[in-house]
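Could you build the full structure based on these sequences and the hints that come with them?
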Amino acid sequence: MTYPNPSTALADIVVDELSRSGVRVVVAAPGSRSTALILAVAARSDVDLVIAIDERSAGFHALGWAKASGAAAAVLTTSGTAVANLMPAVVEADAAGVPLIVLSADRSAEMRSVGANQTIDQPGMFGRFTRRSVELGPAEYEAAAPRWWRSAVSQALASASGWNGRPGPVQIDVAFREPTVGVSDDGRSSAEPYPFGRSGRADARQWTETAVHRSPAPESVTRLSQAVLSAERGLILAGDGSVPSVVALGGHLGWPVVATAESGLRRDDDVIATGHHLLASEHARPDLILRFGTPGPSRRLIDLVSSEIPQAVVGDRWSDPGRMVDLLVDADPAALVAALTEAVPRGAGSPWSEWWSRADGAVRGALEAELTGTSEPAVAAQAARLAADYLVVASSMPIRDVEAYGFDTPRVIANRGASGIDGIVSLAQGAAGAAGPGTALVGDLSLLHDANGFLTNPRPECVFVVVDNGGGGIFSFLPQAEHVGGDFERLFATPPDRDLSILAEFHGLGHRLVTEGGDLGTAVAEMRAAGGCGLVVVKSDRTDNVGEHRRLERVASDALAAM
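Per the working numbering, the sequence shown starts with residue 1, numbered consecutively.
Hint data in this document are derived by calculation from the structure and do not stem from the laboratory.
Note that the Cβ used here is the ideal one computed from N, Cα and C, for glycine as well.
Mixed in with the good hints, there may be bad ones.
The calculated DMTMM-like cross-link candidates involving lysine to aspartate or glutamate, where the alpha carbons are at most 20 Å apart (straight line), are [claimed, not checked]:
id, residue 1, residue 2
1, K539, D468
2, K539, D499
3, K539, D487
Distance ranges between label pairs, derived from CB positions [to be verified]:
id, residue 1, residue 2, range
4, R24, D121, 30 to 38 Å
5, M563, E489, 37 to 45 Å
6, S501, R44, 35 to 43 Å
Encoded structure:
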């Protein structure tokens, strides 16, 4: 196989190797310098191509796909500021340990630093936020060049997947000379045909395969086993990055398992879903914490893992917000659970673990009786129940309300690596593209922040439950609300004063306004039946919301006191 010019050869071989390495989606924004790459993707039947107008939205769409699927996803841009717009998604992918492939088209080196149009210094521009930065091209008329390109792509994919480090984003910067369309002469530039073929591995194998194993070190298992055996009130905290076998480990040890909303384990009957509320009791203080992943947004959970209680953390991220962790175990959670289960004899139930079970039932029952109507906690609880296999949740108040009141929560997908509100529409649509029609819980500001995400094509099916409280509701719970004075609304709450039904009409979305609590389930069901994307909007008052949260805290406290 030969190519009409070097740029089409370079693009085709890079995309072919990405496909061989398991990349199944490329989210691309239109541009000129990226022409050869986008045409190479469009020509393939084994790679889905999603077109986005806004590069920032494109980055988060690919991120959502990668988070939902667990596999690498690619985002493709042209040169210049288009690449810079990917920084927020790259930062989140870095913090969350998500394999995101930045495929940035570039101009050749001789065009840089001379004032050439749409040309900046792109290679390595994401700095320490990427696991690897690879620079390819322009294509050379050498028989060995395709081998170099494939090897470089293999290196990048290996780094993104966690080879010799933690999974995360990588950048493949690909420089092209014109012509970038599939001809030797495009009318303004010309090049000799490229005589060398794809020369990929046989049987569609990737150029270099890598294996990543994260078995726990024997000394870590020994140390952890000794600590477990000496504990009288052990507690397992299952956070983001947990695995189902963590629940079985709790049963084996006779320890309570407090599952955060982001753990994806709350629909298991054997976990504690009300940990945020139970930790208000002094009786809930353990003498050893075994934590899997990050603790989530609950202030009480953060205070617990920041205390002087001995604590071991399992995961590939340095998670120690209080700088008090005794042991960090960088191992696959499932492998660590298996090793610990084998090393420690089965324990018996205790008054300590029985208290957790009774308290969880009492507090959950008391709160569920009060989570009615259209209050923000009630909406979060109902959205969690209505979601099927996963729920996409925005930062700020939505994720906190799901943590505190989403007792029947499926897997949660959220931007909690860096906890930004940006990109939530695109994240949800990317997740829907990978995992099927979804449900998202967002606020009015986070929705508007990424409204350009609705400009993707194709647009996956997703129902957005929108809490419209006229601004940033979380600030009403922070010191700013009491100490800023008359500038609070303008500087912090920032009410957008926008009619979301007009936004829905503009983007061709379905729209329902919910005014009664029982109507939310009906509205979501109707939106799902209609297919496509839609907004289910619930109005809320920020001041009333603060009062409702405080009332529910009293309900939980009274339930604990009555035990």
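*Per the hint of 30 to 38 Å, is the separation of the Cβ atoms of R24 and D121 within bounds?*
holds, 31 Å
*asked:* Hinted pair, alpha-carbon criterion (20 Å max): K539, D499. Please report holds or violated.
replied: Holds, at about 11 Å.
*Satisfaction of hint between D468 and K539, Cα-Cα up to 20 Å*: holds, 5 Å
_Within 37 to 45 Å: is that where the Cβ-Cβ distance between M563 and E489 falls?_
holds, 42 Å
*Should the hint that S501 and R44 are 35 to 43 Å apart at their CB atoms be regarded as holding?*
Holds, at about 39 Å.
*Verify the proposed pairing of K539 with D487, using a straight-line Cα cut of 20 Å.*
violated, 23 Å
The structure fails hint 3 only (numbered hints given earlier).
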